[in-house]
Amino acid sequence: MRRLLFWAAVVTLVGALGAETARGAVEACTCASSRATNGWCPVHQFGYIGGVKVASRWLYEFADAHGHQLDLSTFTCPACRTAIATNGFCETHHLGFVDKMAYYSRLTYELGKAEPRPEGTIACAPCRKNAESYGWCAKSAVGMVGPFAIRDRQEYDRAVAALTIFVAANEASRRCNYCAGAIMTNSECPACRITYKDGKAVARNP
Amino acid sequence: MKSIRKFAGFVGAIALSVFVPGTVVVAGSHTWEVWEVFSNADGTVQFVEIKETHGGTAEVGLGGHTMISHPSGNSSTMHSVTGNTAFTYYLLGTAAFAALPGAPTPDTIIPANFIKLSTDTSMEYSFTNTATWTLGTLPTNGTSSLSRLVSLGPLVSGANSPTNFAGVTGTIDASGGGGASLPGVPDGTTGTPLRVGKDLADGSSLNITWDATTCADANDHQILYGQRSGFPAAPGGTYTLQGGTCNIGPSSPYNWLGTPNATDGSGLTWFLVVTKNASGTEGPWGTYNGTAERTGPGTGGSSNVCTTTNKSVATACGH
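Chains A and B, in that order, give the protein sequences.
Last residue of the first sequence: 206 (this note's numbering), numbering continuous.
Last residue of the second sequence: 319 (this note's numbering), numbering continuous.
Hints listed in this document are in silico derivations from the structure and should not be mistaken for laboratory results.
Fair warning: this is a prediction, and the values are worked out from it, not measured in the lab.
All C-beta atoms, glycine included, are put in the ideal place defined by N, C-alpha and C.
Among the hints, a few may not be true.
Covered, in the sense of this in silico footprint (three residues per stretch, anywhere, with C-beta under 8 Å from a C-beta of chain B), are these stretches of chain A [as the list claims (entries may be wrong)]:
no., stretch
1, 43-56
2, 92-105
3, 119-133
4, 143-152
With a straight-line cut-off of 30 Å between C-alpha atoms, the simulated BS3-like cross-links for lysine-lysine are [to be verified]:
no., chain 1, residue 1, chain 2, residue 2
5, A, Lys129, A, Lys53
6, B, Lys116, B, Lys51
7, A, Lys139, A, Lys200
8, A, Lys197, B, Lys116
9, A, Lys200, A, Lys129
10, A, Lys100, B, Lys51
11, A, Lys197, B, Lys51
12, A, Lys197, A, Lys53
13, A, Lys139, A, Lys53
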C-alpha cells in the first residue's frame, strides 16, 4: 500500500512539475530580483536598469544591460584592444569591456563594473538612501547608482551622467521608442525626425 | 521510513533538474554592422546586408531595429531571428532583386528606390551602426556593390555577394535594370527562329514573327537595322546601325511598314529584333560565332538608338 501511495505521489508530483514547466517556466515573476540584476519581469512587463524602472520593453532591450560574450579576436581597433586588456572603454566605438565581456554603452559598462548590492545588504544609511536613486556618500566613499555600488568617484560621475541620459530616454519612450533610442545615441529619431544631443532635442527636421 | 527518505531524495532530484539554470544566454542586437549596399541604375534592384561581426551567438533582436537610408529617411522594419547568430548575415532586398536569378531570398522586402540614388549617402542599422559613402560612388552598373571588408572598415567597391540569414549566398546581374529578364529573341538554336515574309512585293512592308514564349519574353521589342557597310570590318567588331524601329511591342507578329533602304549601293539591309525594358536596357543581339555577343556602338555594346541606354546579356535564354 505504501509502495502504491509512493508511486502515486511521484506521478502526481512529476505531472505537476511538468505542467508548471510547460506553462510558465519562462513567465515566472522576477520582480523580486530584477532591480538588483538589471532584469525584466515578463509577468508584469517592466524591468530595471541602474535602479530606474523601465516600462518599454523596446528600450530595455535596446539598452542591453548585460555583457556580451564575443569572439574578442574580431576587435582590431587599438583602443578596443586596450579596453579588452584593461577592463576599459573605447570612446571611438562606445564599447566597454568587463572581464572579457562587451558592453554597448557607457551606462551598462559602468554598471557591469559596479558591485551589485541587493536590498538589505547595505549597512550605511546614506548609501541605502542613495540606492533608491543615485548619490555619493562621502563618508563611505561609495557612490550608488540604484543598487550598484561604485567606489571610484570619476567612474561614478560618468555613470550618473549616462544614467541621466537614460532617464531622459526612458521618459521619451512613453511617446516614442525611437526617440528614446535617438536620445541614447545622440542621433535622429527616424519617426519624429527629432535630433537629440546629450539627452536634449536640438533640431526637428521637416 | 526508508520509502519516505527515498521519496524525498527523488523530489530533490526533480526540483534540481527543473530549477537549476544552465548557461544563461542573453539576447542582444548590438553586434551587427551594415555590410553591403547595392543598387542598379534605376533603383528597382537594391539590397542591403548586415552582418554579425563579433561572433555573438545570441544577437537575435533585430526586430527592435530599423534600417534607414539617409538623408532621404526611407526606413524599413526588420524581424528578429532565431538560432546561432555568430558571423551570420541578414538581407533586405527589393522584390525585383528577389526575382533575379542567383538572388538569395531576402529576409525582409524593401520598396524600390529605398536607397534614393540622387541624395542618399549612408545606411543606418538604427542607432547602432552606419555605413557611409560619397554621393555618386555607389555603383549602379548592376553587378558591383559597396561592401566592408573588415569590421568597421570603409565601404569599398567589388562584386556583389548578397547573403541571407539562412546562409544562402549568391551573385546577381542586374545590369538589365528593372529586374525583368531580358532574353534574346530565339534564333532557332533555342526555340523557334525568327521568320520574315513580304507583305508587299517590293519588300516595303514585312511581316515578322518571333518566338516570345520559349523564353517567357513579355518585354517590349525594337528592330535594329543596318546595311552592308555597317557590318564590322572583322569578326568581333562593332556593328554600325542605320537606325531602329522602336517600341514594336511584346507580341508577335509585327507588320514592319516602311522598311529602310540601303544607301551604300549594296541593296542589302540586315536587321535584328531585340528585347528592351522600361529603363532603356536592351537584350542580347545573339552571337556572331556561337559564343561571343555581337556588339553595337552604344554603352555595353547596345544599339544607341530608340533611347536605348544599355544592354544586358545576363539572361541566357534565346541567345
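Which numbered conditions among the earlier hints are violated in the structure presented, ordered from lowest to highest?
1, 3, 4, 7
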